[in-house]
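Going down the list, the sequences are from chains L and R.
Positions 1 to 246 (the numbering used here) are the ones given, in order, by the first sequence.
Positions 1 to 117 (the numbering used here) are the ones given, in order, by the second sequence.
It cannot be assumed that every hint is accurate.
As the list claims (entries may be wrong) - Simulated crosslink set (DSS-like; lysine-lysine; CA at most 30 Å straight-line):
#1 L:Lys103 / R:Lys8
#2 R:Lys43 / L:Lys103
#3 L:Lys232 / L:Lys192
#4 R:Lys43 / R:Lys86
#5 L:Lys91 / L:Lys103
#6 L:Lys103 / R:Lys86
#7 R:Lys43 / R:Lys15
#8 L:Lys91 / L:Lys232
#9 R:Lys86 / R:Lys8
Everything labelled a hint here was simulated from the structure, so no lab data went into it.
Single-letter residue listing:
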Amino acid sequence: MIRAFRCDLHVHTCLSPCADLDIFPRALVGKALLEKLDVIAVCDHNASENVPYVIRAARGSGLTVLPGMEITSREEVHLVAIFDSLSPLQKIQELVYRHLPGKNDEERFGCQAIVNELDEVEGFNERLLIGATELSLDELVQNVHSLGGIAVAAHIERESFGVMGQLGFVDPAIPFDAMEISGISGSAGARKRYPELARYPFVESSDAHRVGEIGQRCTGIYLEEATVSELKMAFAGCEGRYIVCC
Amino acid sequence: MNLEEIVKSLHLKVKYGEGILNVDVRGGYVGDLLSDVMANSHKGDLLITRQIHQNIVAVASLNELVGIVLVQGAEPAAETLEKAAKEKIPLLVADLPAFEVAGRIYRMLETPETQPM
């Protein structure tokens with residue numbers, strides 16, 4: 001049966017250097033349930049070590065956790081990649097790590113904590129996760145697609161690291177599945193501001209870096225189940241699947 | 001060349017850094033891509049950029065840059081200003097575009113008035 005799912009398809013954990021330490025897996029899941037979300041996609045900057053723990057923390061709760069990553073392209077554009085399972089995420093992770101230079105400086109950029117579903121610190125990611133990969137936006141979208149994932153242009157309305165701010169316009173040759181809006185003007189405001197993007201579906205996500213931000217922006221999506229293939233159908237508006245608020 | 005002289009000469013707005021502008025500017029770097037700035041700017045440089053994200057301050061601190069000039073009247077994000085104060089990195093705003101800011105500062109560094117002719 002097709003029904004509405006409340007989706008926040010872009011949330012961070014304490015693994016992201018710019019996120020608060022209190023956004024660890026169990027806290028994240030607790031807040032997502034409080035916000036009555038049905039689906040979240042966990043997308044840390046260029047990393048994914050906390051994703052399995054968020055999935056475990058959500059087990060039995062009714063919340064679907066989609067494995068994801070917010071990847072920084074060579075052009076310093078942020079791309080949200082969302083998958084159905086951990087195995088393609090692991091493959092994109094290997095690609096990203098092969099092309100992500102530098103080591104983190106915790107003092108300056110922030111802590112990158114790997115925390116399990118019992119709130120225990122498993123370790124720290126020492127790579128420069130705020131850095132940019134050496135992969136072009138085009139290459140990244142192609143790789144995400146070939147692994148069966150969804151590629152969403154992150155926070156397009158933002159001046160820093162959104163595709164519009166960094167590159168000026170959306171190259172129609174890059175097959176983004178959707179545009180993400182995370183600012184206060186919402187998708188209605190973004191529709192007015194970017195009439196040239198009329199052909200893309202818009203989703204609203206919180207891009208939460210703090211627990212309190214989870215679910216502050218979300219998208220109602222009519223699906224049969226919370227999977228990537230269902231999301232693709234909803235983005236295309238076919239077979240009775242569709243996005244509500246955009 | 002002293003940063004304070006550059007601030008006065010180019011009429012830069014001091015968003016953060018009053019009282020700590022008495023530092024020596026050895027050179028400059030222009031860039032909006034943080035990965036590029038991180039890889040290629042040097043200690044003692046003044047960063048000239050249109051990027052307003054707080055990571056400009058982290059990069060400036062990491063590479064021991066003496067300050068940041070935002071061009072084209074760009075307003076720093078709130079977190080950027082907070083971070084500049086925390087890291088004690090002067091954050092300045094020029095109304096001019098990057099080309100002119102860089103050109104003027106370059107000329108000042110090449111031919112300081114105090115230099116004997």
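Structure-based check of each hint:
Distance check on the hinted pair: Lys103 (chain L) and Lys8 (chain R) sit about 38 Å apart at the alpha-carbon level, beyond 30 Å; violated. At roughly 19 Å between alpha-carbon atoms, Lys43 (chain R) and Lys103 (chain L) fall within 30 Å of each other, so this suggested pair holds. Between Lys232 (chain L) and Lys192 (chain L), the direct Cα distance comes to roughly 24 Å. Compliance with the 30 Å bound is thereby established for this hinted pair. Under the criterion of a C-alpha separation no larger than 30 Å, the hint pairing Lys43 (chain R) with Lys86 (chain R) is consistent with the structure, at around 19 Å.
Taking the CA atoms of Lys91 (chain L) and Lys103 (chain L), the gap is about 21 Å. The hint holds against a cut of 30 Å. Between the alpha carbons of Lys103 (chain L) and Lys86 (chain R) the distance comes to roughly 22 Å, so the proposed pair stays at or under 30 Å and holds. Proximity of Lys43 (chain R) to Lys15 (chain R) is assessed by CA-CA distance (about 22 Å); at most 30 Å being required, the pair is judged to hold. About 21 Å separates the Cα atoms of Lys91 (chain L) and Lys232 (chain L), which keeps this hinted pair within 30 Å; it holds.
Proposed proximity of Lys86 (chain R) and Lys8 (chain R) is supported: the alpha carbons are some 24 Å apart, at most 30 Å.
Checked against the numbered hints listed earlier, the structure breaks hint 1 alone; every other hint is satisfied.
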